[in-house]
Amino acid sequence: MKILVTLKRVPDPEQKVKFKGDAIDFTGVNWVPNQFDEYAVEAALRLTENASAGGAGGAVRDGEVVVVSIGPKEVAQQLRAALAMGADRAILIDGDDGALDAEMVARTLVKLVEQEKPDLLLMGKLAADSENNQVGQLAAGYLHWPQATFAATIQAAEDGKALDVGREVDSGVEIKRVTLPAVVTVDLRIIAPQAIKNGKTAPDHAYPEGPRYASLKGIMAAKKKPITETALATLGIAPSLRVKTTAVTAPPARKAGVKVASVEELVAKLHNEAKVL
Amino acid sequence: MMDFELTDEQRLIRDTAHDFAERELRPRAAERDRTGQFPVEELRALAKLGLLGVNVPEPLGGAAAGAIAYALAMQEIARADASVSVAMAVTNMVAEVIVRFGTEPQAREHVPRLTSGESLAGAFALSEPQAGSDPAAMATTAKRTPSGWRIDGAKQWITSGDHAGLFVVWAKTDPATGARGISAFLVKGNTSGLSCGRREHKMGLNGSSTVPLRFDGCEVGEEALLGGLGQGFKIALAALDGGRIGIASQALGVGRAALEATRTYVKERHQFGRPLAANQAVQFRLADVATELEAARLLTLRAAWRKEQGMPFTREASMAKLYASEATGRACDAAVQLHGGYGYTREYPVERLLRDARVQRIYEGTSEIQRLVIARELLSSERGGGT
Numbered sequence: 001m002k003i004l005v006t007l008k009r010v011p012d013p014e015q016k017v018k019f020k021g022d023a024i025d026f027t028g029v030n031w032v033p034n035q036f037d038e039y040a041v042e043a044a045l046r047l048t049e050n051a052s053a054g055g056a057g058g059a060v061r062d063g064e065v066v067v068v069s070i071g072p073k074e075v076a077q078q079l080r081a082a083l084a085m086g087a088d089r090a091i092l093i094d095g096d097d098g099a100l101d102a103e104m105v106a107r108t109l110v111k112l113v114e115q116e117k118p119d120l121l122l123m124g125k126l127a128a129d130s131e132n133n134q135v136g137q138l139a140a141g142y143l144h145w146p147q148a149t150f151a152a153t154i155q156a157a158e159d160g161k162a163l164d165v166g167r168e169v170d171s172g173v174e175i176k177r178v179t180l181p182a183v184v185t186v187d188l189r190i191i192a193p194q195a196i197k198n199g200k201t202a203p204d205h206a207y208p209e210g211p212r213y214a215s216l217k218g219i220m221a222a223k224k225k226p227i228t229e230t231a232l233a234t235l236g237i238a239p240s241l242r243v244k245t246t247a248v249t250a251p252p253a254r255k256a257g258v259k260v261a262s263v264e265e266l267v268a269k270l271h272n273e274a275k276v277l
Numbered sequence: 001m002m003d004f005e006l007t008d009e010q011r012l013i014r015d016t017a018h019d020f021a022e023r024e025l026r027p028r029a030a031e032r033d034r035t036g037q038f039p040v041e042e043l044r045a046l047a048k049l050g051l052l053g054v055n056v057p058e059p060l061g062g063a064a065a066g067a068i069a070y071a072l073a074m075q076e077i078a079r080a081d082a083s084v085s086v087a088m089a090v091t092n093m094v095a096e097v098i099v100r101f102g103t104e105p106q107a108r109e110h111v112p113r114l115t116s117g118e119s120l121a122g123a124f125a126l127s128e129p130q131a132g133s134d135p136a137a138m139a140t141t142a143k144r145t146p147s148g149w150r151i152d153g154a155k156q157w158i159t160s161g162d163h164a165g166l167f168v169v170w171a172k173t174d175p176a177t178g179a180r181g182i183s184a185f186l187v188k189g190n191t192s193g194l195s196c197g198r199r200e201h202k203m204g205l206n207g208s209s210t211v212p213l214r215f216d217g218c219e220v221g222e223e224a225l226l227g228g229l230g231q232g233f234k235i236a237l238a239a240l241d242g243g244r245i246g247i248a249s250q251a252l253g254v255g256r257a258a259l260e261a262t263r264t265y266v267k268e269r270h271q272f273g274r275p276l277a278a279n280q281a282v283q284f285r286l287a288d289v290a291t292e293l294e295a296a297r298l299l300t301l302r303a304a305w306r307k308e309q310g311m312p313f314t315r316e317a318s319m320a321k322l323y324a325s326e327a328t329g330r331a332c333d334a335a336v337q338l339h340g341g342y343g344y345t346r347e348y349p350v351e352r353l354l355r356d357a358r359v360q361r362i363y364e365g366t367s368e369i370q371r372l373v374i375a376r377e378l379l380s381s382e383r384g385g386g387t
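For the record, the sequence lines run as chains C and X.
Residue numbering for the first sequence is 1 to 277, as defined by the working numbering.
Residue numbering for the second sequence is 1 to 387, as defined by the working numbering.
Mixed in with the good hints, there may be bad ones.
Computed cross-link-like contacts, SDA-like style, restricted to lysine to any residue with a CA-CA straight-line distance of at most 20 Å [unchecked claim]:
id	chain 1	residue 1	chain 2	residue 2
1	X	48	X	18
2	X	48	C	215
3	X	48	C	52
4	C	225	C	247
5	C	224	X	57
6	C	224	X	11
7	C	223	X	11
8	X	48	C	221
9	C	223	X	7
10	X	202	X	362
11	C	16	X	264
12	C	224	X	7
13	C	225	X	58
14	C	225	X	64
15	C	223	X	15
16	X	48	C	51
17	C	20	C	110
18	C	259	X	7
19	C	197	C	223
20	X	267	C	158
21	C	2	C	110
22	X	48	C	207
23	X	48	C	206
24	X	267	C	14
25	C	224	X	10
26	X	48	C	60
27	C	18	C	162
28	C	223	X	8
29	X	48	C	162
30	C	224	X	64
31	C	223	X	264
32	C	224	X	8
33	X	48	C	50
34	C	2	C	146
35	X	48	C	146
36	C	73	X	10
37	C	223	X	10
38	C	223	X	14
39	C	259	X	268
40	C	223	C	74
Don't read these hints as lab results, they were simulated from the structure.
Build the full structure now, drawing on both the sequences and the hints.
Next up, the structure:
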């Protein structure tokens, strides 16, 4: 199976957001891979390997994982990290986040899919910075491909031509069968030890929870893996934004709380002032 | 050339070590300190990541990532659990010394077992009850037999000695000639005639084991001799040079952990109606600690850089080890002081850090021995006081 995985860099969610005027101030920001995209890379690696074979030398790979990011040159760092985890090669599309919207990103991915012809476009369900949660759905629409979003589990069908994707919905777990090629976006439970069954790795194989650590061997090998650089214009994407950011404002500062002397006073306040009792 | 940027690979190796240490080591470091449990699973995981052969060639199972990457990784592991980092340091050192001084068959036989975790840990058997800072005074002997060597004697302070699959053992092959009569041998952990005594009750590093060893007619083959007859002292000194970069890095990791814990604490803890951090006396102490650790970091990375470049680094490694271990000692003491009474309890990590850090001024050559090495280089070498 050939899988195209998207990987966006986002400001470290643990860091405090700073504002400069009416925009977010990105100076001094620590950029990290979007967590759901890291999960997608892990899912792609699990789908394209036989983890039960290969012994101490590592799993036997069976398929190709291509990681793609749109961003400045520095995104090569995050791409290199994905290559160190085990992805085969990477594509860096030069682009500025401020001049993109979800629709343009989706159109860009469609162009790339036409070039790369993957069996699966695998993505995080959303990026932690803008939380748009639109690109996967839009890309599937433009490609006329089936889609399954918020994947918690993925099981390859026996003939390898479809995926059964488990989605956690309010009423339980819904299993969707998508024939390949398809678009799948992953949710946080996809990195559970047995969330992915690819038909090659033994069905009872349990992975360590979470995205794998890049081993030192993987890191040194990643040095020799190619990162192809291209640009939006090269892919035939003209800038045109459907969504324009008109203003960015910080949420109002939290007001200081009050201290109460007794339970009675607390109950009285909840009843009379907050009116929740 | 002045370039303080890490390469992509160095940064990724540091991140891997950091993430692994945060998630897998730090949560149980205090428990290992309390129970004294040897970190078997943790060492296996380190092996799987490639951290037991950071600076070892790839065909032998290593990552060939260089001395700087090793120093960075060691810092991150020690920052989470110094006990685990000691076993990691000695195993890397044993693997590197075999690569450097061993024959190809010796390297092929032993090094992949060390890097893969099959040997679990390597151990370095140099010190003796009566020969610590003065290893030339050792009493352990290796005598010729028809098929190899018979080792007799006792060793002291052997890190991981009760779990190691492989030992480098130093012994006198010519007791009449002092340092030049010392040779090194590779001895597997299960060799008959080799036994270990009870674990030392230590002040810190309780998750690592330190044992005395006995050699009673321990027979090894001809192929056990490492690096030629009478080369033992030279091999020990060379191994210790590299080892000192490891201990300097380990000290830095512990020092950083102390600084980070204290930084958090002084911002949270309020006295006299304001956080401790609002007092200049507190700020100045933290500023001194941060500055000293930064200086230690530069000394350590420069020593590692020289090693990686193939330049002499004996003096730099000793300076880094001396300064980093002493700076970290001061950092941990400041950390406990700024935590007040809580710093003296096991509720906060700084108490363990202070105990773990204390030995860094003692092992791999005491601070006094480092000063001797630095002074000897200063007074005798052509480089003198310059760089």
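Here is what the structure says about each hint:
With a C-alpha separation of about 15 Å, the suggested pair residue 48 of chain X and residue 18 of chain X falls inside the 20 Å cut-off, and the hint holds. Restraint check for residue 48 of chain X and residue 215 of chain C: the C-alpha separation of about 7 Å stays at or below 20 Å, so the hint holds. As the CA atoms of residue 48 of chain X and residue 52 of chain C are separated by approximately 15 Å, the hinted pair is consistent with the 20 Å bound. Taking the CA atoms of residue 225 of chain C and residue 247 of chain C, the gap is near 41 Å; set against the 20 Å cutoff, the hint is violated.
This hinted pair checks out: residue 224 of chain C and residue 57 of chain X have alpha carbons roughly 17 Å apart, not beyond 20 Å. With a C-alpha separation of about 16 Å, the suggested pair residue 224 of chain C and residue 11 of chain X falls inside the 20 Å cut-off, and the hint holds. Taking the CA atoms of residue 223 of chain C and residue 11 of chain X, the gap is about 12 Å. The hint holds against a cut of 20 Å. This hinted pair checks out: residue 48 of chain X and residue 221 of chain C have alpha carbons roughly 15 Å apart, not beyond 20 Å.
At roughly 10 Å between alpha-carbon atoms, residue 223 of chain C and residue 7 of chain X fall within 20 Å of each other, so this suggested pair holds. This hinted pair checks out: residue 202 of chain X and residue 362 of chain X have alpha carbons roughly 13 Å apart, not beyond 20 Å. This hinted pair checks out: residue 16 of chain C and residue 264 of chain X have alpha carbons roughly 16 Å apart, not beyond 20 Å. Distance restraint check for residue 224 of chain C and residue 7 of chain X: the Cα-Cα separation of roughly 14 Å lies within the 20 Å cut-off, and the hinted pair is therefore satisfied.
Our distance criterion of 20 Å between C-alpha atoms is met by residue 225 of chain C and residue 58 of chain X, whose separation comes to about 17 Å. Restraint check: the Cα-Cα separation between residue 225 of chain C and residue 64 of chain X comes to about 17 Å, which is no more than 20 Å; the hinted pair holds. With a C-alpha separation of about 16 Å, the suggested pairing of residue 223 of chain C with residue 15 of chain X holds against the 20 Å cut-off. Of the supplied pair hints, the one linking residue 48 of chain X and residue 51 of chain C holds, its CA atoms being roughly 14 Å apart against a limit of 20 Å.
For the proposed pair residue 20 of chain C and residue 110 of chain C, the alpha carbon gap of about 35 Å is over 20 Å, so the pair is violated. A C-alpha spacing of about 52 Å is found between residue 259 of chain C and residue 7 of chain X, which places the hinted pair above 20 Å, so the restraint is violated. A hinted pair counts as satisfied when its Cα atoms are at most 20 Å apart, and residue 197 of chain C with residue 223 of chain C does not qualify at roughly 30 Å. At roughly 57 Å between alpha-carbon atoms, residue 267 of chain X and residue 158 of chain C are farther apart than 20 Å, so this suggested pair is violated.
This hinted pair checks out: residue 2 of chain C and residue 110 of chain C have alpha carbons roughly 16 Å apart, not beyond 20 Å. Pair hint residue 48 of chain X plus residue 207 of chain C holds up; C-alpha atoms about 14 Å apart against a cutoff of 20 Å. A threshold of 20 Å between alpha carbons decides the hint, and for residue 48 of chain X with residue 206 of chain C the separation of about 16 Å falls inside it, so the pair holds. Taking the CA atoms of residue 267 of chain X and residue 14 of chain C, the gap is about 18 Å. The hint holds against a cut of 20 Å.
For the proposed pair residue 224 of chain C and residue 10 of chain X, the alpha carbon gap of about 15 Å is at most 20 Å, so the pair holds. Annotation: proposed proximity of residue 48 of chain X to residue 60 of chain C holds, straight-line Cα distance about 16 Å (limit 20 Å). With a CA separation close to 45 Å, the supplied pair residue 18 of chain C and residue 162 of chain C exceeds the 20 Å bound. For the hint pairing residue 223 of chain C with residue 8 of chain X, the CA-to-CA distance comes to about 8 Å; that is within 20 Å, so the pair holds.
For the suggested pair residue 48 of chain X and residue 162 of chain C, the alpha carbons sit about 33 Å apart, so the restraint of at most 20 Å is broken. With a CA separation close to 14 Å, the supplied pair residue 224 of chain C and residue 64 of chain X stays within the 20 Å bound. A C-alpha spacing of about 37 Å is found between residue 223 of chain C and residue 264 of chain X, which places the hinted pair above 20 Å, so the restraint is violated. Between residue 224 of chain C and residue 8 of chain X the CA atoms are separated by roughly 12 Å; this keeps the pair inside 20 Å, and the hint holds.
With a C-alpha separation of about 17 Å, the suggested pairing of residue 48 of chain X with residue 50 of chain C holds against the 20 Å cut-off. For the hint pairing residue 2 of chain C with residue 146 of chain C, the CA-to-CA distance comes to about 16 Å; that is within 20 Å, so the pair holds. Between residue 48 of chain X and residue 146 of chain C the alpha-carbon distance is near 38 Å, which puts this suggested pair outside the 20 Å criterion. A threshold of 20 Å between alpha carbons decides the hint, and for residue 73 of chain C with residue 10 of chain X the separation of about 19 Å falls inside it, so the pair holds.
With a C-alpha separation of about 11 Å, the suggested pairing of residue 223 of chain C with residue 10 of chain X holds against the 20 Å cut-off. This hinted pair checks out: residue 223 of chain C and residue 14 of chain X have alpha carbons roughly 15 Å apart, not beyond 20 Å. The hinted pair formed by residue 259 of chain C and residue 268 of chain X meets the criterion: a straight-line CA distance of about 19 Å does not exceed 20 Å. At roughly 15 Å between alpha-carbon atoms, residue 223 of chain C and residue 74 of chain C fall within 20 Å of each other, so this suggested pair holds.
Violation of the numbered hints given earlier is confined to hints 4, 17, 18, 19, 20, 27, 29, 31 and 35; the remaining hints are satisfied by the structure.
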